[in-house]
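A.B. asks: Residue numbers (this note's numbering), protein chains in the order written: chain F, 1 to 395; chain S, 1 to 395; chain C, 1 to 395; chain W, 1 to 395.
Since the hints were made in silico from the structure, they are not lab data.
Since we're looking at a predicted model, the values are computed, not measured.
Hints may contain errors.
Note: identical chains are not told apart, hence a pair may lie in one copy or across any two.
[To be verified] Each computed DSS-like pair below joins lysine-lysine, with the alpha-carbon atoms no more than 30 Å apart: (1) 224 with 386; (2) 75 with 5; (3) 385 with 357; (4) 361 with 224; (5) 301 with 361; (6) 201 with 75; (7) 224 with 75; (8) 357 with 224; (9) 201 with 385; (10) 138 with 295; (11) 148 with 138; (12) 301 with 224; (13) 201 with 70.
There are 4 protein chains.
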Amino acid sequence: MAFHKIINDPVYGFITINDPLIQDIIAHPYFQRLRRIHQMAMAHLVYPGAVHTRLHHALGAYHLMQLALKELISKGVEITAEEQQAAQIAILLHDIGHGPFSHALESIMTKGMAHEQLSILLIDELNQEFGGKLELAKEIFNNRYHKKFLYQLISGQLDVDRMDYLTRDSFFTGVIEGAIGYDRIIKMLTVHEGELMVEEKGIYSIEKFLIARRLMYWQVYLHKTVLSAEQMLQRIIRRAKAIAAECDEPLRTFIHNRGENITLEQFCNMDDYDVLMAIKKWQHHTDQVLSILCKGIINRKLFKVRYMPEPANPALLKGLREEIMQQTGVSLSDAEWLAFDGVASSTTYNFEEDHIKIRFKDGTVSNITAVDNALINENVRGNVKKYYICSLRLG
Amino acid sequence: MAFHKIINDPVYGFITINDPLIQDIIAHPYFQRLRRIHQMAMAHLVYPGAVHTRLHHALGAYHLMQLALKELISKGVEITAEEQQAAQIAILLHDIGHGPFSHALESIMTKGMAHEQLSILLIDELNQEFGGKLELAKEIFNNRYHKKFLYQLISGQLDVDRMDYLTRDSFFTGVIEGAIGYDRIIKMLTVHEGELMVEEKGIYSIEKFLIARRLMYWQVYLHKTVLSAEQMLQRIIRRAKAIAAECDEPLRTFIHNRGENITLEQFCNMDDYDVLMAIKKWQHHTDQVLSILCKGIINRKLFKVRYMPEPANPALLKGLREEIMQQTGVSLSDAEWLAFDGVASSTTYNFEEDHIKIRFKDGTVSNITAVDNALINENVRGNVKKYYICSLRLG
Amino acid sequence: MAFHKIINDPVYGFITINDPLIQDIIAHPYFQRLRRIHQMAMAHLVYPGAVHTRLHHALGAYHLMQLALKELISKGVEITAEEQQAAQIAILLHDIGHGPFSHALESIMTKGMAHEQLSILLIDELNQEFGGKLELAKEIFNNRYHKKFLYQLISGQLDVDRMDYLTRDSFFTGVIEGAIGYDRIIKMLTVHEGELMVEEKGIYSIEKFLIARRLMYWQVYLHKTVLSAEQMLQRIIRRAKAIAAECDEPLRTFIHNRGENITLEQFCNMDDYDVLMAIKKWQHHTDQVLSILCKGIINRKLFKVRYMPEPANPALLKGLREEIMQQTGVSLSDAEWLAFDGVASSTTYNFEEDHIKIRFKDGTVSNITAVDNALINENVRGNVKKYYICSLRLG
Amino acid sequence: MAFHKIINDPVYGFITINDPLIQDIIAHPYFQRLRRIHQMAMAHLVYPGAVHTRLHHALGAYHLMQLALKELISKGVEITAEEQQAAQIAILLHDIGHGPFSHALESIMTKGMAHEQLSILLIDELNQEFGGKLELAKEIFNNRYHKKFLYQLISGQLDVDRMDYLTRDSFFTGVIEGAIGYDRIIKMLTVHEGELMVEEKGIYSIEKFLIARRLMYWQVYLHKTVLSAEQMLQRIIRRAKAIAAECDEPLRTFIHNRGENITLEQFCNMDDYDVLMAIKKWQHHTDQVLSILCKGIINRKLFKVRYMPEPANPALLKGLREEIMQQTGVSLSDAEWLAFDGVASSTTYNFEEDHIKIRFKDGTVSNITAVDNALINENVRGNVKKYYICSLRLG
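Just chain F, with the same shape it has in the complex:
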């Protein structure tokens, strides 16, 4: 009897594992660690259901990869058993390099190292541990494999990563308008000259996918309160580094060494729990800025955010800081931690990246932005910026 395990998933029903190697990768501590990293960092402070984990997302994307490969094979695209296994492993591990609170802390925790680079390092290590069985997965993940569409399924404007996170985040937040019809999109996939494309009948589903993504960005990922909490979280780590606040290992090394000389193992011992426990302690730190920020996160007393179409007037920021100085007694330089401006941006469609391509019945190919009556066309600003001011609420 063949190897066969099923996992219940509220989003897709059941996820099937039918390959012992994949089962072993899932069972590996590096992968299990993703259970302790929230998929959506602090978004649950606004959407209480959004507490799902990176592990769940990785399994979901893996499931969609299975569906997509099956669909392409049924359409006559040649994909060997080895390539299937490798593509499934690659997507399973695509986020393995995420640290605590993923994107929210990415730029701060592991200076100069995106999670994709860490993923590559970790895939390398796992490859060694598994006796070279992840070689092809690595090649695909690094876009060095000749069947480009396999890479595009993992990383592109229409990859299974995005399909899963939009579907899953929409599901767990309860923002049902973010639902994307992933199954229809997958049914519309095709391969032409080695590239991933979409059949003509799928045009509206793709437009819908792009608009759902836009909606999820502004309504959820960049929701004022979420933005506030994540900015506060970043400042907590930065402040802790600045004052070399005490905490336990392995986080201590990161805070004190500024990310240098850190081993992969140390990195992998860290997750949301380490950071949140430090925050719980720092609530009582003698540094007032750190303490204010930490209490804010723990008790959900979040800074106020105002969005505006233009960069904030410096006078406005100055006024806020002065008020904060008066009411809390902090210095001006400290007040800058408690009132600050910034810019949030979201890309509905990246006109410079590889385009999403539509393959028509007559054999012609067109970018999604160039079809008749395209919704996403050169007149729509692909990238939208919103400026904001974020500041401590005063009594």
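Based on these hints, arrange chains S, C and W on the given structure of chain F.
C.D. replies: The following block gives chains S, C and W in isolation, referenced to the frame of chain F:
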């Protein structure tokens, strides 16, 4: 104990009737007749789940009206008990004037009379029957009541009619990308200077609503096969009129008299069943055109549709007709019934109608098309046309 | 490129057709006719969403058959490509012999012939039409094939027919408590000594399935108002036969000939539309009983039903009939059509049929009723009867 | 404009807060702390979606209380505005006394104190903080208020607590067979002589509710792997206490002081994060038992569980322990921590508690177990026990 009935609805869970007058209207034969009219005419030939009825849609829109009124009242908008009852009755009856297969046959069955006009006549009659208790409902329905927002909830670019049919049609077809987040939209409604508006936080939900509508039009309502079936249906009725084909009353009067001198009661005796039964019989009619069209509908042998960006080349149509003449032996004038061109169009946003208005926190008001980074802006073609050729499939 | 069609289904997402023969069977007029037969007869008078068709159910059961076969194959059960095709065809056609309003009229329209027998005749005919390609499907359908589990998937206490109708009827009525977790049940299926069994881990899902069925019977299929409408429908046909009421062909032959000498083709020309159109006409019939019954169905003025644990007291019935005679002026023998008693019954579990068997990890096999702490055990009455009186509501 | 906040919930759509006092209670750090306590402790190790929090459950139960009160009021039950507010507060706070990993650690962390007792203490404290405004909520929560049905909605065999946790746990695990039709049950509630009852029409929904609960217990809450993880978790805390393992405050006080002399504030500073961080550290503890248990939880290397109908044979346990001693080198007394037996039990229906009562249309009242053809009757064992052995997996 108060009057209280509940109806199970797979879309909303439960629909509540808590007003005996409304219960009596629902129980009236004119309303019950809507059970025998498909909400989506022939769409079930492509989407087998789409067999829901006009009655179900009317109940659904009534439910959303209840929610919307409750929401507005909770925000301090003044709406009396009488106005609530009237608005609920008006939406319940908004489609009461639909004939067999609703929109698909509207222009043909009741020449020169849109279903809205028939709805007005029928509401009038019901008002008399119910001793004038529908007077206020009539005023609102006819947009003669001073609280304009009540009319806008029934008929406008953001009315509960559209909210229900998009939600319901998306549900029953299984095209989940058409889901619109009706509950969030309703939570975002507000009234300003007597007009229905949307709060700032609802912008993305409204954009999403418009895009979902666009998708539903092209993917469902104007799906090639649906278009084909509905064009065939129209031609069946037109041909039957042209040759005065025999059928039973009350349909006979419509077919033979061309819609003149028809009583409301005769109209109300007619539903999808009359038309479909006639089609079943006409399969065996001696008129070959009528017989071909009718067999096509009953056995789902539908004409082929090709969409094209420009009007069809006349030579193409001519070629098709000649082939049909050869293979079936019909005359040229008859072949014109079996191969024809046309244009389908869908309005993503009507820039000339009353705009959807956004009310910002600072008190300003803006059209949805004029907010920062509007997705639906002057560069998007509000109305999109697609030309088509529709013709009998040849062996 | 392989043959590949998809059908949207709100219940399962997508249903896939990947076999040209199956596509041809679906396209056949006999199968398309199932579009015009309601799956749940008159249940939509209580549950307005329950207007789905026999065709939709047949497609759904076919989809579950695909899943079940795939699951068994993945567990090492040997099933050839021919057997897969045949099992899929057999389930697709399992209800092909249903007449107008299916079960509600089964005993009356086609006297002495259950729909299963008609299905056999029709499968025979289709087999001839398709050049013998349905031979194996026939054998399986008739339980003459040596791999018994294939038959059990089509007809047994745990077949895909029941799984689909419970799932689908629960979905379209909105009675979500009827949901059965069909995907989990399918994942738990196994074959042992040629018989279909359930893995140990599936015990609770099976119990849940049986209880959901019990709930659906009493809450939906035998709901008082549904029972009333279906009893009225039966009496309409019986009365029409008794007085040889006029109507159009092909129904006329059935009404006047009492079902003798009817060709299969005549049978297949008949569907819900024929019966409902006759009812619309008979509203104005001179026979008062027929007219009362028909107006009741069309305008949803349904008879009152009272359930009771014991057979009704004859005096109660007599009293009701006398009142009806007084108020309507009908004779006593006619009053018996307008007030009558009967018994409804539902089988939670049939202890005499083939049992549902559980296969334990240690290799032992046990009936679901005999496992430890079985919910459905000898102490639960497998079959429950409820007596009722059904009578015209008087003013 | 009235106070009005909405919270997105994937389960119910939107939860509404329209009372500033309730908003303040939700914003209180004691309530926000529930964000850091998993609703289902370790169940996510089997059902990866089951990471929802106690806070989410409390909000959900509060939402169902709103619905239930509204329903009862619409049926003429007298409930004042103060009583509504109090009942809503009482349910919001019903779980406020839960400690880390709730039930899984309840008996161990706070010896001799159930979470309900701690909830009472905390409600008392909050009542003082809010100037006595929670007085009536307290009375209801403690079942000292004369309108008993308000207490029954909070704690009984059919309370909104159970309705929410079954609905929510079914949703997040993806075990859809656990869905209970909460909205129908609520529509069926009524009050008779001060007691909560269910209308006759709701019988099958209640049976379904009890069976769904039974299924959730055995399929989810007492799933072998979940049981294993939660037994390991308990032994970690017990072992840490036994050897006075070092960890940070506030957990340290609990571990070292055995729960004596602990302030409420100390208790409220503790949540899942404290315990999990200690476990992360103790992976490297010199005590081998503690280290094995902790590594098992963190890396999901869980003990093996076998269920059996009778208590385990002592010889079997002895054999397992000897093998463990051999392979790991631990002493016999330590091996008892790594291989042990126990009993799990689940109550489908408690025949000794207050019964669920059905009120019939004729005014009579009957226990759900005593209605005709009751599914849950004296022949069904209300409480089911399963014995198990749980032991370290050996290489």
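A.B. asks: Each hint: holds or not?
C.D. replies: Here's how the hints hold up against the structure:
1. In this assembly of identical chains, the alpha carbons of residue 224 and residue 386 lie at most 30 Å apart only when taken from the same copy (11 Å versus 41 Å across copies).
2. Proximity of residue 75 to residue 5 under the C-alpha cut-off of 30 Å is found in both arrangements, the shortest distances being 27 Å within a copy and 11 Å between copies.
3. Within a single copy, residue 385 and residue 357 get their C-alpha atoms as close as 26 Å, and across copies as close as 23 Å, so both meet the 30 Å cut-off.
4. For the identical chains of this complex, residue 361 and residue 224 are inter-copy neighbours only, at 14 Å across copies versus 44 Å inside a copy, given an alpha-carbon limit of 30 Å.
5. Only between protomers do residue 301 and residue 361 lie at most 30 Å apart by alpha-carbon distance; the minimum there is 22 Å, versus 56 Å within a single protomer.
6. In this assembly of identical chains, residue 201 and residue 75 lie within 30 Å of each other by CA distance solely inside one copy; the values are 15 Å within and 36 Å between copies.
7. Taking identical chains as interchangeable, the C-alpha atoms of residue 224 and residue 75 lie at most 30 Å apart only when they sit on different chains, with a minimum of 23 Å there against 44 Å within one chain.
8. Taking identical chains as interchangeable, the C-alpha atoms of residue 357 and residue 224 lie at most 30 Å apart only when they sit on different chains, with a minimum of 22 Å there against 34 Å within one chain.
9. In this assembly of identical chains, residue 201 and residue 385 lie within 30 Å of each other by CA distance solely across copies; the values are 17 Å between and 32 Å within a copy.
10. Within a single copy, residue 138 and residue 295 get their C-alpha atoms only as close as 42 Å, which misses the 30 Å cut-off; across copies the closest is 29 Å, which meets it.
11. Only within a single protomer do residue 148 and residue 138 lie at most 30 Å apart by alpha-carbon distance; the minimum there is 13 Å, versus 47 Å between protomers.
12. Taking the shortest alpha-carbon separations for residue 301 and residue 224, only the intra-copy value of 13 Å comes in at or below 30 Å, while the best inter-copy value is 40 Å.
13. Proximity of residue 201 and residue 70 under a CA criterion of 30 Å is satisfied in both settings, with 19 Å inside one chain copy and 28 Å between copies.
Checked against the numbered hints listed earlier, the structure breaks none of them; every hint is satisfied.
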